[in-house]
Amino acid sequence: MNFPGIGLLKGFVVTARNFLGSYVEKDRLTTRQYPEERPKLPENSRSFPFLVFDGEDPEAGMRCVACKICEKECPPQCIYIIQDRDAAGKPLKRPRIFDIDISVCMSCQICVEVCPFESIRMDTDYELSSFDRFGSLVLDKSKLLKSNAYYHGIHPTEASETDARIEADRKKKEAAAAAKAEAARKATAEKAAKAAHPPEETK
Amino acid sequence: MNVTLDGETVVKLQPVFGYLHRNHEKIAEGNSWLAAVPYTDRLDYICPLTNNWAYTLAVETLAGLEVPERAEYIRIITAELTRLQNHVAFMGFILADMGAWGSALMYAFREREKILDLFEALTGARMMCNYMRFGGCRCDLPSGWLESAGQLVEGFPAFLDEMEALLTGNEILLARLQGVAPLTPERAINGGLSGPILRAAGVDYDIRKVDNYGLYSRFKFRVPRGRVGDCYDRFMIRVLEARESVEILKQALVGIPDGPVVNPKAKQRGFRPPAGEAYGRIEGPKGELGFYLISDGSDRPYRFRVRPPSLINLTLLEELCLGTKIADVMVILGSIDIVLGEVDR
Amino acid sequence: MTLQILLALSAILFAFGLAAILSRSNAIMILIGIELMLGAANLNFIAFWRFSGNPSDLTGVLFAIFSIAVAAAEAAVGLAIIILVHRRIQSVEVDDASNLKG
Amino acid sequence: MICESLKTCFDDPGKFLGEWFVLLPALVLLLAAAAAVVLRNLIHATLCLTLSFIALGILFIALGAEFVGFVQLLVYVGAVAMLIVFAILLTRPERLAKSDTALSGLGPAGGALAGFVTLGVLLGFLFTSPIAKKSLPGPASAPVAEIGHALMGDYKAALIVVGVLLTAALVGAAVLAMEDKNS
Amino acid sequence: MELLERAPVELKNAFLRVLGSLGVPEGMLAILSAVLIIGTVIGVFLGLFALMSVMERKILARVQNRYGPNRAGPFGLFQPVADGIKMLTKEDLVPRAADKVVHFLAPVVMMVPALLVLAILPYGRDMVPVELESGILFFFAVGAGTEVAIFMAGWASNNKYSVLGAMRAIAQMISYEIPLVISAVTAAMIAGSLSPSVIVAAQGGFAAGFLPHWFVTTPWGFTAALLFYIGALAESNRSPFDLPEGESELVAGHLTEYSGFKYATFFMAEYIGMFAICGMFVTLFLGGWQAPLPFLTVVPSWIWFFGKVCFVAFTMVWVRATLPRLRVDHLLAFAWKFLLPMSFAAFLSAACWHYAGRGPAAWFLSLVVVGIPYLVLGLSFTSRFSVSRRTYLFSE
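Chains as they are written, first to last, in the working numbering: chain A, 258 to 460; chain B, -13 to 331; chain C, 7 to 108; chain D, 22 to 204; chain E, -10 to 385.
Rather than coming from a laboratory, the hints here were simulated on the basis of the structure.
Treat each hint with caution, since some may be false.
When the alpha-carbon atoms are kept at most 16 Å apart in a straight line, the in silico EDC-like pairs for lysine to aspartate or glutamate are as follows [unchecked claim]:
(1) A:K267 with B:E150
(2) B:K195 with E:E259
(3) A:K400 with A:D380
(4) A:K297 with B:E233
(5) A:K297 with A:E384
(6) A:K400 with A:D314
(7) E:K149 with B:D(-8)
(8) A:K267 with B:D147
(9) B:K100 with A:D284
(10) A:K329 with B:E15
(11) A:K400 with A:D356
(12) B:K206 with B:E233
(13) A:K267 with B:E148
(14) B:K206 with E:D318
Note that the structure is a prediction, hence the values are computed from the model and not measured.
Generate the whole structure from the sequences, applying the supplied hints.
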């Protein structure tokens, strides 16, 4: 039954249903009043990177060893690392300066993938607006460092996987270390045994 | 674009673009293969996952990597979800162009938000997903994702019926869209068009059926074709394609197997594909999106070329608009459905 | 408030119309003059009807109504002609339209 | 209320501000007509002409012929003024400011002179003839119903003739103006 | 409830009595009562305008499943105040090459007809500001002033977009005025007089106990109401016909060069014009201040009038939320080829209804007389483009 104008009427019925629906059905009115209602972000949503440190003291517990892989791999090159040197000038396994310019960073999360030491992760904080363009948009080390507990807070599953992996690495390393220590001990024991009774053939 | 008018009718029309040119291809030549993936998100920013897939498909043909079955299924699910939200957004945009003060636009975006929330739960970002890797996907589906995707796909036909009730029979919309800028199949093929516009003109060419890339042969779906090829057909083709995508999604969500998400042998960081060249293409929501890569064995692509469907579809805009009224130019540009990120790269 | 004042008023109006027609060389101004003169005529009709003894005899009012209708038709046709003349000789100056062959 | 006060003031002059109240629209009419004639800029002239149409309409209402006043407003202000304005826009006489050469070299003075001569003759007869001295009879109004009956009654033929005339004129005007499309 | 019914009139008379006792001369009292009425009418309609400007955005928002302004004041009700302050503080630009006088006069001339038209609407039982016997004619005569104002606005801004917009607006208003006038005259013909209060009185009474005698209940009345509604939409440049300032390439049509308070005046004139034409629609077809059901007559009449006006205004916003815009040639073709013949058909069917005795038989006769042209014209109008669903080929 399509007399002229029926299409328009159907259109009116749809808008009427939406108009009344927005008062009745909950899924139609999806606007969230932002400052009052905070959006509930899904678990692995990401905004800008941050550095993870274990234990309490940020400096000591920092996982980052300044290997600069992320600095090389970062597509927009927004990470800037300078390795720490001790008094004698010998490079240490710690970054002295670790800056991320979050006005350049496009939160693509490649640094998280390529980091072999699980030291950089993606934060979920998105209220980062600031007044001065350069000062507060370049996050230096102190602003980037956040505890592992915080990491567990924002990405629980991913954090527990990372901890499990670190645990496994540590155990493997210990096992390897133990094995090496044990092998070294065996070698020294043989050498000692050899040294004990005269060395028939020296060479 | 600057349009020369004689009273109401269009005499000359010259699109002016290039304002969103970000030198995408030169940057990709300076960065490693992996670093190019997040840039493909920004090509056609309305459907990032299909861009990723096109790039990784090209790299996989270049390096000859196999992709595990679960990854293929996830790729098809995300691509069809992207096509769905693109076509739904298109329906909203074309109504806004015609001055309907955004009612259809808001309904479309209400549904699109649900799809974007699914993307955020899976990839971490709503639009800049950066999710596909060489040989598979970056991470596996979070728990409960498949159920919520199933729910969404379940409710989608009802929403599409509501949109069609609002739009398809609407006499004003018929008057504004029908008979405007018809396109003959020969003209469409000679113009190098691809995607819904080509199929609206009556040419049966869908790369998902032609190339059968990524296990598409395993799913049963139909490819709609128009007869007249005017704006109304272009609009209706997208509506019908959205329904087909829902069919594919239903089958894919049920049949997804378990298994690894990425090919374990594929190296992501220092990835050095063998020297040579490859052209990988997929059926993006806007048309045939292709990547032509030349590798000289080093860890940086020697040449990184993108075949942008929006730009190529746009070349026919002037010819379609000549002789039409000024109000039609808006509708014709809307019906071609371009995204400037892809036009200017 | 005698009839004289109203008739004087319409006479002045008529004089303005006539002056407009004779003094201006633009066809549209001439048309404006004609409209003024027609308005003056209508004013006379209504004035005489008002000052006639019995208001129920509506000839004056009806005449005014018919004259308004005819004036509107006349304005339409006049303007159509002006547009045609303008299209032919690209000007609406009355002096330019002098060659009979057109 | 306003129309009543307009009419009441006219029917028994002493009661309100006196019948000179009715001369207010007359004054506006004269000023607007003068401006319409004198003004250089054609658009301003047309707007003053529209103002004079409005003033004439109000004068008709004040004189009691309500229906004619509204018809005047509707036809002249709504249609004729628009016609003139459209004609001006279509013919774009930019060169209006050029010396407005009047007919046969007499210039604007000639036109004004002719106007004054006719005015003099008209006023001469006006002030001498006895009928014009009539003072104001009682209140009079032209009810719409009566006009309707008269139009449909003894003026039937005239109404149909005007109808035909209007149709012919407007169709003719449309055909004339449409000439351009196929040439 | 009787007191409430007469409340506005009694209040005025009481106030005048007080002044009379204070020795104010008789003539002055008449002027004062006129001023009082004008003041209340304009006050009410300005209040309605303020309410409508925020209600429109809220209704539009609710149709689109969002909230609409709710930050300024409770439920966003102070939004008009905020808009007003914004409009007042905004700098009032006048383009250098513009025609200063005409540029300034345009909003004033636009405002005059919008306010004048309110004088003849019957707001309640014998509550009519000006009791004119040819009120409907007055409505259209004064309504013609808006076209002059739009032209002045378009011409004075000395900008080619605004001239183009103004020309389109005038062409649209003139071509939609004829169906508007004819459908209004149909109602007047049946009521037997051009005066609005007589028309409303003709719609009194109830058939078979509960069916009100409104003109909209008869088939010819419904068609005439529909045509009047479409004409009203076009006359006030709203929704499907908001071509002049809506089109994306005409910037803001004749309002391009206006800002600050002049723009607010245009905005206000448009809304008050919309309310006025809604009031006329209610008077002509929805039975003015008549109550819909017999036992409801206890509710004061002016509440019915403003209730119906707000309902019709709501439907205008509803139409605005649903329909896309018409193209210029469709707009004019629709007016001349569909609305005009349909209004003659409605006129004819009203006559048939009247001479067939106004009973149920007459009802069906007028339905036939109106239905046939509707179907014939409608199908011929939509047959140009194949409305039947286009068939699409599918390939596996």
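Against the structure, the hints come out as follows:
Among the hinted pairs, K267 of chain A with E150 of chain B is consistent with the structure: their alpha-carbon atoms are about 10 Å apart, no more than 16 Å. Using a Cα cut-off of 16 Å, the hinted pair K195 of chain B and E259 of chain E is violated, with the two alpha carbons roughly 55 Å apart. The suggested pairing of K400 of chain A with D380 of chain A holds, with an alpha-carbon distance near 12 Å, which does not exceed 16 Å. Our distance criterion of 16 Å between C-alpha atoms is broken by K297 of chain A and E233 of chain B, whose separation comes to about 30 Å.
The hinted pair formed by K297 of chain A and E384 of chain A meets the criterion: a straight-line CA distance of about 14 Å does not exceed 16 Å. At roughly 14 Å between alpha-carbon atoms, K400 of chain A and D314 of chain A fall within 16 Å of each other, so this suggested pair holds. The straight-line distance between the Cα atoms of K149 of chain E and D(-8) of chain B is roughly 13 Å, inside the 16 Å bound, and the hint therefore holds. Distance restraint check for K267 of chain A and D147 of chain B: the Cα-Cα separation of roughly 11 Å lies within the 16 Å cut-off, and the hinted pair is therefore satisfied.
Restraint check: the Cα-Cα separation between K100 of chain B and D284 of chain A comes to about 11 Å, which is no more than 16 Å; the hinted pair holds. Between the alpha carbons of K329 of chain A and E15 of chain B the distance comes to roughly 15 Å, so the proposed pair stays at or under 16 Å and holds. Restraint check for K400 of chain A and D356 of chain A: the C-alpha separation of about 9 Å stays at or below 16 Å, so the hint holds. Using a Cα cut-off of 16 Å, the hinted pair K206 of chain B and E233 of chain B holds, with the two alpha carbons roughly 8 Å apart.
Under the criterion of a C-alpha separation no larger than 16 Å, the hint pairing K267 of chain A with E148 of chain B is consistent with the structure, at around 9 Å. Annotation: proposed proximity of K206 of chain B to D318 of chain E is violated, straight-line Cα distance about 45 Å (limit 16 Å).
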